[in-house]
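Just so you know, the protein sequences line up as chains A and B, in that order.
If you count the first sequence from 1, position 491 lands on 491 in the working numbering, and the numbers rise without skipping.
Convert by adding 542 to the 1-based position in the second sequence; the result is the number in the working numbering.
Among the clues, some could well be false.
[To be verified] Here are the simulated BS3-like pairs of lysine-lysine, each with C-alpha atoms no more than 27 Å apart in a straight line:
no. : chain 1 : residue 1 : chain 2 : residue 2
1   : A       : Lys125    : B       : Lys597
2   : B       : Lys597    : B       : Lys567
3   : B       : Lys597    : B       : Lys573
4   : B       : Lys570    : A       : Lys339
5   : A       : Lys365    : A       : Lys326
6   : A       : Lys494    : B       : Lys570
7   : B       : Lys597    : B       : Lys570
8   : B       : Lys605    : B       : Lys567
9   : A       : Lys125    : B       : Lys573
10  : A       : Lys326    : A       : Lys125
11  : B       : Lys605    : A       : Lys125
12  : B       : Lys573    : B       : Lys605
13  : B       : Lys570    : B       : Lys605
[Stated by the list, open to error] Partial list, derived from the structure: chain B residues whose beta carbon lies under 8 Å from chain A:
no. : residue
14  : Arg563
15  : Thr569
16  : Thr608
17  : Leu619
18  : Ala620
19  : Arg626
In short, the hints are calculated from the structure, not lab data.
Given the structure is predicted, the values throughout are model-derived calculations rather than measurements.
Where is the CB? At the ideal position from N, CA and C, for every residue including glycine.
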Amino acid sequence: MRKGMRMAELRVTGRVASGGFAAGPVTVFSTGGGAIRGAGEPVAEAQALRDAIAAALEQLWDLAANVGSDGADILAFQTAMLEDETLSETAFAAIGAGVTADRAWRAALDAEIGGYEAADDVHFKARASDLRDIRDRVAGILSGATTEPGPPAGAILVGEDLTPSRFLSMDWSGGGGIALTQGSASGHVATLARARGVPMIVGLDLDLGGLAQRADALIDGASATLTIEPEAATRDDFAARARAAKTSRSAADEFRTRPALTADGTPIAVCINIADPAEVETLDPRICDGIGLVRTEFLFGDKHGLPDEETQYQAYRRLAEWAAGKPVTIRTLDAGADKPIAGLTLDHEANPFLGMRGIRLSLAKPEIFRTQLRALCRAAAHGAVEIMLPMVALPRELELARSHLDEALIGLQAAGVPCRRPELGIMVEVPAAAITVDAFDAAFFSIGSNDLTQYVMAAARDSDAVAELNDPSHPAVLRLIAQVAAYGARVGRKVSLCGDAGGEPRFIEALLAAGLRALSVSAAALGSAKEAIARVNIGGLG
Amino acid sequence: MDEFTATSSAPLTNSIGLHARPSVKLTKLAKTFISRIEVAPDENGPWVDAKSIVKVMAVKAAKGTTLHFRAEGPDALAALAALRELVAQNFLGDEADSGEDAQGNAHG
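Using the sequences plus the hints, can you model the full thing?
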């Protein structure tokens, strides 16, 4: 049966984190460094900088060949500066001391630029812009540079675990999938993978050291299997299953663009959750009832520091304009726990899920919170922006946030900046808030079923070992949801659910039975959620 | 400090000083010699490598500055003569940088 060097077919089964089918070459990555270029050894970093300078010089020569003599003079100066090893001396010294190429280069050039900016003579001062040009050209090449090639398009990434930032740094538009020996079906990466439609299997019992790079692999997100070097019969079976899934998906796609109605005609509002404004660019706003959850952590994950008011305003405004009058529920910064932000969240909390996160952190850092509120009030002038506070446990937290919002509005109005007061609502994810929901004077309630479930069941969402306990359809969770839904209906306040459970067809009947009439799901789950809704007969529910 | 076999000074009559274009020319010319060559805006220094544009620009020699050169090596005297000539010739027709009008052009 085994001929030549060909490996035998290897098939392992794990747990599905994100459904779907993918076939492609294996890229085994290590958790430490791996397929994406991080901080390398000084030798590699120095080489990266040398290569980037050489590439920048080549760009300048190319440019000089295509510009007039005035431009060529400027380029001749830049070229001469870049060719001069004195310019990069301090950068290479810093790299030798362990600094990354990018940081070392920027620091060296910034010092040089500072010297020019400090000059009295305008002609020397003006050269600072040339130095900035040189700095950015090389830095740009460096940031795009890889010491080892990244995974090819459509690759099946195989490793222990994957970080959200690494997931986000990859281009999934050409297909591909994720297979992890550890990982979690309910963590952040799984949520992202479902939103992008990237198949992902976790908890595989697999010897990573024995895997060959670029071996053929199949990920079957329906049966939770990863197959390495599949035999012909396996391939045929896989192709047939993928085709069948595609057919049922196109059935779901038919539902996707229609308003959601139950079998007996009850309308259900279905919004989308987004983690990055880029997600809506290819979406038609008519397929949903608005954005039920905007995770603003995307703005704060940047390594260039916290986003200023203008950056936030532009991002929120884009969403408000996209939604064209439909509600856009923007959650204030929900940092902490599994979403740490350097310099903002606390390190070394023994139990970060029960620590300084969400609204607790925002109230502790009012200057950051107020900047976000100001940006939100400004964006609200362009659409139906709503503010949603995460991790609220006490009515006092809502009222403190409201007074910060008042202040932000007064400041903006005094300065004559166009703004509008957004509706202020809360996430219901802390059991205390669910149990005492009638104590909160919130404009709306949105149930965060991921955290609510893990807190009610005392089962961490990132622990596969207790995954069975982490069940949003457990009666304890459903009773709390029902209580919140009933309260909302009684007092006429909107109640929705924006956790992952809302996008899971198997949970939808139970959620509607609990009284929910609004769900917010990932854009990728829109079709299947609406299809599941259409099968539910509300009149027949007890 | 190292011994320099030759030194010379040349008044910088360039109208706007040792800016980008003159510096490119000066360092390019200096690099055509084997000798170690240094330049300074004052005979007491600071002396910098005349082959490094980064260092020459850092001198920020303004218009009217007297440039001092010193060289050490087999072609030191030839290097100094050439550099003097470059400055005396107002950087070979580079009467202006950044469109500035020339003043005191020796070859006007």
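Hints, verified against the model:
Between Lys125 of chain A and Lys597 of chain B, the direct Cα distance comes to roughly 15 Å. Compliance with the 27 Å bound is thereby established for this hinted pair. Restraint check for Lys597 of chain B and Lys567 of chain B: satisfied, since their Cα atoms lie roughly 14 Å apart, inside the 27 Å limit. Distance hint between Lys597 of chain B and Lys573 of chain B is fulfilled; the C-alpha atoms sit about 14 Å from each other, no more than 27 Å. Restraint check for Lys570 of chain B and Lys339 of chain A: not satisfied, since their Cα atoms lie roughly 54 Å apart, outside the 27 Å limit.
Note on Lys365 of chain A and Lys326 of chain A: the hinted pairing is violated, with a Cα-Cα distance of about 31 Å set against a maximum of 27 Å. Using a Cα cut-off of 27 Å, the hinted pair Lys494 of chain A and Lys570 of chain B is violated, with the two alpha carbons roughly 74 Å apart. The straight-line distance between the Cα atoms of Lys597 of chain B and Lys570 of chain B is roughly 13 Å, inside the 27 Å bound, and the hint therefore holds. Of the pairs offered as hints, the one joining Lys605 of chain B and Lys567 of chain B holds, with about 16 Å between alpha carbons and a cut-off of 27 Å not exceeded.
A threshold of 27 Å between alpha carbons decides the hint, and for Lys125 of chain A with Lys573 of chain B the separation of about 26 Å falls inside it, so the pair holds. Using a Cα cut-off of 27 Å, the hinted pair Lys326 of chain A and Lys125 of chain A is violated, with the two alpha carbons roughly 50 Å apart. The straight-line distance between the Cα atoms of Lys605 of chain B and Lys125 of chain A is roughly 15 Å, inside the 27 Å bound, and the hint therefore holds. Distance restraint check for Lys573 of chain B and Lys605 of chain B: the Cα-Cα separation of roughly 24 Å lies within the 27 Å cut-off, and the hinted pair is therefore satisfied.
Distance restraint check for Lys570 of chain B and Lys605 of chain B: the Cα-Cα separation of roughly 20 Å lies within the 27 Å cut-off, and the hinted pair is therefore satisfied. With its C-beta approaching chain A no nearer than about 6 Å, Arg563 of chain B sits inside the 8 Å limit, and its interface hint holds. The restraint placing Thr569 of chain B at the interface with chain A holds, with a minimum CB-CB distance near 7 Å, inside the 8 Å limit. Taken as an interface hint, Thr608 of chain B does not check out: its beta carbon lies about 17 Å from the nearest beta carbon of chain A, beyond 8 Å.
The criterion of a C-beta within 8 Å of any C-beta in chain A is not met by Leu619 of chain B, whose closest approach is roughly 26 Å, and the hint is violated. For Ala620 of chain B, the interface hint is violated, since its Cβ never comes within 8 Å of a Cβ in chain A; the closest pair sits about 22 Å apart. At its closest, the beta carbon of Arg626 of chain B sits 21 Å from a beta carbon of chain A; the interface hint therefore is violated under the 8 Å criterion.
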